[in-house]
Amino acid sequence: MSLSKFKFDKRIVLSFWIILIALIIAAPTLLPVFRLNLLGRYLSLSIVALGVDLIWGYTGLLSLGQGIFFALGGYCAAMYLQITSSSEFPNNIPEFFALYGVEKLPFFWEPFKSPIFTFFAIWIIPALVAGLIGFLVFRNRIKGVYFSILTQASLLVFFNFFNGQQKLINGTNGLKTDVTQLFGQMVGSESMQRIFFWITAILVIATWFFAKWVVRGRFGNILIGIRDDEPRVRFTGYNPVIFKTIVFSIAGGLAGISGALYTVQSGIVSPQFMTVPFSIEMVIWVAVGGRGTLLGAILGAVFINYAKSLVSEALPASWMFIQGGLFILVVTALPEGVLGWIQGDGPRNLLQRFGLKRKIETYPSLEVNNQEGNNE
Amino acid sequence: MELLLDSLFNGVAIGSVLLVAALGLAIVFGLMGVINLAHGELMMLGAYTTYVTQLIFKLPILKPFYNSYIIVSIFLAFIVSGVVGILLEKTIIRKLYGSPLETLLATWGVSLILQQFVRSVPLAYGTGLVISLIIGLFLPTTFSSKIKESINFKYFKFSSWILAALTGVLTGGVISSTVSKLSRASARNVDVTAPSWMRGQVEILGTAFPKTRLMIIVITLISVIAITLFLNQSAWGMRIRAVTQNRQMSDCLGISTEKVDIITFGIGSGLAGVAGVAVSLLGSVGPNVGGNYIVGCFMVVVLGGVGNLLGTVLASFGIGIMTDLIGAGRLLSIWPDMPLPLSNTINFFATTSMARVMIFALIVIFLQFKPTGLFPQKGRMVEN
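Protein chains in written order, with this note's numbering: chain A, 1 to 376; chain B, 1001 to 1384.
Check before you lean on any hint, since a few could be wrong.
Per the computed footprint, the stretches of chain A lying under chain B, defined by three or more beta-carbons under 8 Å from a beta-carbon of chain B, are [said to hold, decoys possible]: (1) 144-155; (2) 281-292.
Taking lysine-lysine pairs in the DSS-like style, the calculated list, with each CA pair at most 30 Å apart, reads [what the hints assert, rightly or not]: (3) A:K308 / B:K1095; (4) B:K1148 / A:K143; (5) B:K1146 / B:K1259; (6) B:K1259 / B:K1148.
FYI, nobody ran anything at the bench for these hints, they're computed from the structure. Glycine included, C-beta positions come from ideal geometry on N, C-alpha and C.
All chains, full assembly: derive it from the sequences and hints.
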């Protein structure tokens, strides 16, 4: 029972894509600047949500530390922007260094003078860090809640580290990007923001296809196998450590891309990206949207964040209650998420409750499949 | 010698805060396998209970007993957090046994709600709500068995809840009209002032120790001893251990696993409340106070190994002493003329936050050799 149950007409799919692309192109003219910027940010968050879906929805690894990789990507992008637009400051290094009496660029920031290096660093560095953390944890067969706790602890460690290092990365204050220059244009300017929005939208679609490619075929099957019965996968002759490490570093790389896009659109990267609540929120986007459904992760990230900004504008105090309630509700009443519920037996059960559809007496999937004549 | 004593005391003090905070978690997580991310917020409730008790003891009637409020608040905090924990178990966690990741997310939701609750509800009415919960949950259990078995028991239960609600509203109203500080909601941090006999320092062997720290060590010591005695000597303790070892077999032998779950969770949550009292002595109390401890507590449990209190004790004192050694840069004062690169490294880590970084790295290295903690449970299962 998956998306393949719905076989859409090719023309419908095509027109859907045409409408989507038209909307993306037209969005900057349809929406006010403020809303466009918000939409762009939420779309970039949906990339990290896709990563969470890959590791949690498909592989069963609940990481509470995706904020690490998100922030790393953000820091890479922000530092490149700061360095390239620092020509008028003393010593040709970003302004904040002068506050702490640093006169020479710390050595590990040197490579970030090059745009090509930065382009790769944004996703390779988070992926490598994720791979390292993942390998050390998975190697010892630490899994389940222990994995979650360890990722949360490492999140806290990174937060403490970044928060305390003023001389290297400006500590608590973070790095601002909106007054920096990229290719001769101000990053915070309207035209640049529009371009960033388009880049984000394209990357979300590209990531979606990439994620679909990852979960398809044997690799995806092994991931699902690890989620459902890891010892069995191991006894069948596969080494789950490798697969888990690979998928965890893929999710880390995606988080890095997402963080970089989010940073340039929100104008700042700071250790606040590595706080514990933010990383758990990423999980709830996926949980509400429907884990194990890639589209659900995207929709969940965009809609929950949009709801958050609307609710916080109207009733600031009530968002915490709503969010807390969402966590409890999704886990107890809607474990498959909204999209999973729609694709599963949800609507049928609802209709049955009101007597609008015939009750199924035997095992549901058997009868549904026989009726429609398509056994999966 | 003095330096060593000082360092040891500091380490033990840090460790005992960790231990009392992690003790409840070790019971809930170690014995029941439930990840309770709301544990920090249960601590926060304990800390707020201390604050409310303190203000109530300032009323003219109770003024003569003011100095003993901290002792009273330990028991009250145990009851308050315990009751909230029991409610949590009855409504949410019970549905999620066997799926720890879901429990983790749901309890995180609970923690968000509790945090916002203390921000936006006046503490007086919060107290009233807790009192009505206590009455509503415990009044039905005091009825005679004749009433319990009758068909009309549900009406008795219902009327006791109504009584509970009325009492709660009444107490809330009385408190908010008599103690003005509790009548308005506020997100600001509040301060608990220790009674006069706990202020100041004690000199032992020429070193001065703050009394509040000593008090925390005493609270921790008593909690650990009490819980060990309870688990090893009492009938319910034996049942809890039995259910931990083999749930199905215990069920077959007539142990009510449902009751065992409630009691275990209640005790674990109550201990969080006691930890809250200890924490309130260290600094100001706010909605976020629990969040500062939760990750450290989990590290203690992971390091100590699941289902073993000795491991928890050793792990928390180990982490405490290491934090002090690294965070205060004490190795340098013990060995002043160490080579330059080494001393630079030690200086780099000699702050509280960098010490955490170092401690975590050490824990990860340790787990490479002993993945299941100091005292792992023995078994031959593929999954453990």
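Hints versus structure:
no.: 1; hint: 144-155; result: holds (count 9)
no.: 2; hint: 281-292; result: holds (count 3)
no.: 3; hint: A:K308 / B:K1095; result: holds, 28 Å
no.: 4; hint: B:K1148 / A:K143; result: violated, 45 Å
no.: 5; hint: B:K1146 / B:K1259; result: holds, 20 Å
no.: 6; hint: B:K1259 / B:K1148; result: holds, 16 Å
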